[in-house]
Every structure is written in C-alpha cells, then in structure tokens.
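Trainee: Using the sequences and the accompanying hints, generate a full structural model.
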Amino acid sequence: GENVEQHPSTLSVQEGDSAVIKCTYSDSASNYFPWYKQELGKRPQLIIDIRSNVGEKKDQRIAVTLNKTAKHFSLHITETQPEDSAVYFCAQGTGNQFYFGTGTSLTVIP
Amino acid sequence: DSGVTQTPKHLITATGQRVTLRCSPRSGDLSVYWYQQSLDQGLQFLIQYYNGEERAKGNILERFSAQQFPDLHSELNLSSLELGDSALYFCASSFSRTSLYNEQFFGPGTRLTVL
Numbered sequence: 001g002e003n004v005e006q007h008p009s010t011l012s013v014q015e016g017d018s019a020v021i022k023c024t025y026s027d028s029a030s031n032y033f034p035w036y037k038q039e040l041g042k043r044p045q046l047i048i049d050i051r052s053n054v055g056e057k058k059d060q061r062i063a064v065t066l067n068k069t070a071k072h073f074s075l076h077i078t079e080t081q082p083e084d085s086a087v088y089f090c091a092q093g094t095g096n097q098f099y100f101g102t103g104t105s106l107t108v109i110p
Numbered sequence: 001d002s003g004v005t006q007t008p009k010h011l012i013t014a015t016g017q018r019v020t021l022r023c024s025p026r027s028g029d030l031s032v033y034w035y036q037q038s039l040d041q042g043l044q045f046l047i048q049y050y051n052g053e054e055r056a057k058g059n060i061l062e063r064f065s066a067q068q069f070p071d072l073h074s075e076l077n078l079s080s081l082e083l084g085d086s087a088l089y090f091c092a093s094s095f096s097r098t099s100l101y102n103e104q105f106f107g108p109g110t111r112l113t114v115l
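Chains as they are written, first to last, in this note's numbering: chain A, 1 to 110; chain B, 1 to 115.
Please keep in mind that the hints were generated in silico from the structure rather than gathered at the bench. A hint or two may mislead.
Stated by the list, open to error - Once the Cα atoms are required to be at most 25 angstroms apart in a straight line, the calculated DSS-like pairs of lysine-lysine come out as:
(1) LYS57(B) x LYS71(A)
(2) LYS22(A) x LYS42(A)
(3) LYS22(A) x LYS58(A)
(4) LYS9(B) x LYS42(A)
(5) LYS58(A) x LYS68(A)
(6) LYS22(A) x LYS68(A)
(7) LYS37(A) x LYS57(B)
(8) LYS71(A) x LYS22(A)
(9) LYS37(A) x LYS58(A)
(10) LYS37(A) x LYS57(A)
(11) LYS71(A) x LYS57(A)
(12) LYS57(B) x LYS57(A)
Mentor: If you want it as structure tokens, here you go:
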C-alpha cells in the first residue's frame with residue numbers, strides 16, 4: 001500500500017496563473033500528506049502538509065486539499081511567480097514510512 | 001541550511017565496489033531517514049533509524065545496509081555497486097520516532113556515480 005501517483009509530471013504556467021498538482025494513494029491507513037519543493041540542485045523542503053482529519057489547509061498562496069474517500073490530495077499554487085519554478089513532490093505517511101510521488105516539474109513563465 | 005550534514009558531496013567509484021555515505025542529523029533530532037533519488041524514480045524511501053535502532057524499512061536492496069551510532073550520526077553502506085545505483089542519496093532527520101506530523105529536514109545529498 002505505498003503507491004503514490006502524482007500528475008502531471010511536468011507543468012508550465014504563465015506567471016500569475018494558478019498551478020494544480022494532484023496525487024492519489026492506495027493505503028487507506030495513510031494519515032499525513034506533506035508536500036515538498038525541490039529547487040534545482042537543492043534539497044527537498046517542506047512547504048505545506050495536511051493531516052487526515054482536515055480537508056483543506058492554506059498558507060498564503062499555497063493550499064492543499066484532501067479527499068480521503070477518493071484517496072487523493074492536491075496542491076494549489078495561486079498567483080504563481082518565477083521563483084515557484086521547481087520540482088514538487090507529494091508524499092503520504094503511513095506509520096514510520098514516507099512514500100513520495102514521482103514529482104512534478106513546474107515552470108512558471110515570466 | 002537545514003542543519004543536516006552529509007559527506008561526501010560527490011563520490012565516483014567503479015562497479016563492484018563498496019562505499020559508505022555519512023549523515024549527521026540536526027541537533028536534537030533522533031530519527032534519520034535515507035532516500036535514493038534517481039532521475040526516473042523520484043524519491044525512494046530506503047530505511048529509518050530512531051535513536052540507534054532500525055524503525056522502518058522501505059525499498060532497500062540487500063546489498064545496502066545502514067546503521068545509526070550512539071552519537072546519532074548514520075552511515076549508509078552500499079556494496080557490490082552496479083551502474084543502476086548511481087543516484088543522489090539524501091539523508092533526512094526529524095525529532096520524533098514516527099514520521100507522522102514531523103517535518104523531515106533533508107541534507108544536501110551525496111551524488112554517487114558508478115562507472
């Protein structure tokens with residue numbers, strides 16, 4: 001039950017537009033869903049996370065929504081800026097293990 | 001800077017060899033996680049240690065092993081290296097023994113190239 005599918009694998013948006021990245025998971029026991037941002041040549045860094053008892057969480061231009069019934073969660077970035085360009089990874093936590101999605105390469109075109 | 005250190009930064013070796021990657025967690029963190037990042041595979045969880053003991057195992061090959069020492073630093077040993085082992089290896093740390101609700105802080109990674 002550690003399969004995490006992430007879509008799309010690449011995403012290009014115009015500066016100021018919104019970007020949405022979706023992940024689906026299979027393990028119904030999962031109860032923690034973080035999102036990490038990895039800039040080119042750098043380490044992954046946590047940008048937002050959500051627990052299973054919450055349906056939505058927002059932090060400025062970033063929001064995450066969770067649908068436990070459908071087993072999917074999404075990252076929403078509004079008013080995108082060039083510095084948002086990076087690879088974004090979703091993850092699901094089950095017990096002591098994290099399983100990451102395959103990543104979405106986001107390019108924000110100025 | 002996350003406070004997690006990894007050495008070496010780069011490692012080039014030949015097939016069949018053995019290497020050791022080292023990680024020092026953030027001060028106060030008891031858990032250490034190892035990940036492998038390949039171009040086509042994303043971030044793969046390998047193994048977790050908490051306060052010296054193995055806590056969880058992911059997709060770690062039998063040729064790979066790890067340990068966490070009393071001072072909490074950790075080493076990942078990769079043996080009988082194959083070309084496909086070339087990847088970026090990240091170490092991450094967190095305070096708690098469970099990954100849940102605890103942010104993992106990633107080190108800068110060790111880039112391993114097997115020729």
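Trainee: Among all the numbered hints in the text so far, which are the ones the structure does not match?
Mentor: 12
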